[in-house]
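Asker: Protein chains in written order, with our numbering: chain A, 1 to 645; chain B, 1001 to 1289.
For the record, the hints were derived by calculation from the structure and aren't laboratory data.
Computed from a predicted model, the values in this text were never measured in an experiment.
Mixed in with the good hints, there may be bad ones.
[Claimed, not checked] Covered stretches of chain A, going by a simulated chain B footprint (3 or more residues, C-beta under 8 Å): (1) 90-104; (2) 241-253; (3) 272-281; (4) 387-398; (5) 520-529.
[What the hints assert, rightly or not] To list a few chain B residues with every Cβ distance to chain A over 12 Å, as calculated: (6) 1005; (7) 1006; (8) 1041; (9) 1120; (10) 1131; (11) 1134; (12) 1163; (13) 1179; (14) 1184; (15) 1218; (16) 1276.
All residues carry an ideal CB built from backbone N, CA and C; glycine is no exception.
These are the residues of each chain, in order.
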Amino acid sequence: MKLRLSLLAVVGIALWFLPYGLGPYAIHVVDIAIIFALLAVGLGLAMGVAGQINLAQVAFFGVSAYAVAILTARAGFGFWTAAVLAMVATLATGMVVGIPALRMQSHYLGIVTLGLALAFTNWVTNAELSGGAEGLGGIPVPPMFGIDLFSEYLYYYLELIVFAIALGFGMFVVRTRIGRRMRAMRDDALAAGAVGVEIPRLRMLAFAIASVYGGLAGVLYAGLIRYVAPETFSLANMFLLLAMVIIGGRQSLLGCVVGAVGLTLVREALVEFATYAQLAFGAVVVLMVVFAPTGLAGIPARVRRRFSRGQSALARAQLQPFAPSDVGDSRPESLAEPPPDLVASDLVASDLVASDLVASDLVASDLVAQRTSVARTGAEQAEAAARMILEVAKVTMRFRGLTALDGVSLAVREGEIRGIVGPNGSGKTTLFNIVSGLYRATAGKVAFDGEVVSRKRPYELSLLGVARTFQNLRLFATMTVRENVLVALDRSRTAWAWRYPLWPVGVWRGDAWLRAEADRLLAAYGLSEFADVLPSALPYGIQRRVEIARAMAGRPRLLLLDEPAAGLNADEVEQLATIVRAIRASGVTVVVIEHNMGLVMSLCEQITVLASGRVIAEGTPAQVVADTAVIEAYLGDARMLEAMT
Amino acid sequence: MQLFFQTVVGGLSLGAIYALVALGFSLVYRTMGLVNFAHAGVVMVGAHVATTFYLFAKLPFAIAMAVAIGVTAAIGLVIERVLRPLENKDFDLMLIGTIGFGTVLEALAILRWGATGTAVPSPVRTAPLDLFGVRVRTYDLVVLGVAALATVLLVWFLHSTKRGAAMQAVAMDHEAATAVGIHVGRSNAIAFAIGAGLAALAGGLVGPLLYVSPAMGGSLGIKGFAGAIMGGFGSIPGAILGGLAIGVLDSFAAGHFQGYSELVTFLVFTVIIMVRPTGVFGERTVSRA
């Protein structure tokens, strides 16, 4: 930390004195480089951090620069008024361009954003208002308390300050809640939705943030060059920007900055050989994508991993450090804490706990259910025993010709451990996907705690209190175990993000609180040792447990486990049973799909048997194993079996 | 009414070109799940090679086209080989990699042929036909005919040859295809080569309709891509219909909005794709948990 601070100070001082060593042309190039760096940070946030392919970043830049030009030169506004209006216009454009992201992703989004960017250049090239192909001049020098910003040296300081704030803000976002959720969404949108990340809003937010950076760059460009023309915002420059971000490292904002500054300087050095420069940029992008997908910024980590391969994480993992009994003991305690989204920093209470209490009263309505289940004592539990927490009524699911579920009904009592078994392809996971909102049932209803939830999205269900794990493990691959848990632990909504610009201290404090909570949870699940490791470095059994911890971090009332014992050894299966019992003891209802019959028999009070998309039996383990229909489904016709033996 | 048909007919020949571009996109996409943003660059290189051999080497138009197809097929093989490590892995990275390739192709074209561009005279020099008062350029008919022939050949290849069947298998499940002994890499390479060949066909045919220059790829590629998406990405009939639709849409936009035609085309495309992201023939993709 100290090292970093002193490094930062050195870089700051160097940048402050940089203009003294530069000639008039060099300072111009540096000014341009900073503008590109701003753009690259915005693109890095949208594409690298949030995973939204945004090929309209240069168009955002253009909207802002053109807005300043038109408002000052045509409408006679002052520079800063025009700048503010331009920022608003760019933000609005960003939101419009972001709308398609709600419906489509990756290449579809790429082509749509690219098309909209082309539409923008097409408009400015043709419209009289924007000066057509010749462009538009006559933008005034931005007034600044008597500082003459006509001088590109002095303009440099304006840019530097804006850039430093923008970069710092971007890095702050990446490291705290919103950024963490964006990274989760990038790594695995499905799993992110299942732990309560509001995918649609977050995608819009990503575009909004990218457009704000584009807007800042546009305003600075307009003030610096005081003339705008269509070719500045062309596709060629979009691809140049893309090359900057990819070569620098899209997932690291500092990498984006390095890429932007580096490529601007290289382009300037090769200005006589522009085509060769283009050739080189293209070739380097291809090489980077194939050999160093994380860009220049990712190289140190790759080198480190190569050196330490096979030692650190894996060797430690073999130590088997679990303390299974911890789970039951410490869970209720941590559950008793108020939900972390209520660290209401806006209330500015010196006492954190007090502020939590006030806040939880304020937002009590949507959390009342969650809190009652959390606070439920043994007596209350018995009282609620008859209550159904999950009711599936005549649910049918068809995929084109295939009927995966055919009129399935089942009801799960609160506080029960329900097993769902059945041969492969009997529709168990489809049922989970419907209950957790991934699929929308063709017919039938699903009710959670009396409320019909058949049409709700996964994140809405997660916020209501449904958590799940996945058959094939869906951990966020580029996030550490702690971050995986943090994403689920954070129950705040996207609207919470207003604190970022207005009350960042609150964001920071809330994050510290979240971290402490995450560490407590990880300790309870015996995962403390792996907190800073990427999931992929861990053995399968530990990854499974991380997924359960992540699901429980959201304080659910209903936990769906999809084949939690698959791939575990006997020892680990036993630990799993302990964990599941402990989870139930803390008041959470558990529904588990499992093929390991020994586990199901010993764990579950009630078992539902599915075959070919229908419920063929339901009852206690003893009843179910005696059922002829079940024996037939698993072993074929019983009489035939007898005949054979 | 006559104007309406005239606009439709005018849009169809460019639409046929977009359809060929879309076919190339779709073929590569369905086989290996790769969205080839370099496709536009390949179209442009194909156009230049065809023009060079037709105008300067004075070869017959058909032979110039054949040479162009050969050259671009080779380029396709190179692109596939370089990006092979990313196949079936990271979608977004592949996409960016092909954008990089597109940049390289454009730079190479500028170095080889210059940035200015060439006008190509039509190889068919008969007067336009008059069909019920609608003027139809004979070259437009050639374009439509060649596009139709290429489509028929492609469908025949995919459905009636062993190699084509292998490619279909890879498209459905590349792991299962490997398990039954199909060389997935080779199959992908062939898909890429055919896709690039189709691009050259589109580029060669579009020469006499537009101006051949290194910058021509951008708009052609994006509209072809838009056509592929509109028809349903990965679907052969979808690519044809989508391409033709974009052509006609473009033609109407040009008629009504002149300079703003691109703006209108892309706005309409965005709205259509928002309403129906899977296109007309697209498969509904199910996210598996």
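Asker: State for each hint whether it applies.
Answerer: Here's how the hints hold up against the structure:
1. 90-104: That given contact holds, which follows from 4 residues of the stretch 90-104 of chain A lying within Cβ reach (below 8 Å) of chain B.
2. 241-253: holds (count 3)
3. 272-281: holds (count 5)
4. 387-398: That given contact is violated, which follows from only 0 residues of the stretch 387-398 of chain A lying within Cβ reach (below 8 Å) of chain B.
5. 520-529: Since three or more residues must qualify, the claim that chain B covers the stretch 520-529 of chain A is violated, with 0 doing so at under 8 Å.
6. 1005: holds, 27 Å
7. 1006: holds, 24 Å
8. 1041: Label violated. Min Cβ-Cβ 9 Å, cutoff 12 Å.
9. 1120: holds, 23 Å
10. 1131: holds, 33 Å
11. 1134: holds, 29 Å
12. 1163: holds, 26 Å
13. 1179: holds, 19 Å
14. 1184: Holds: least Cβ distance 18 Å, greater than 12 Å.
15. 1218: violated, 6 Å
16. 1276: Since the minimum Cβ distance to chain A is about 9 Å, residue 1276/B lies within 12 Å and the statement is violated.
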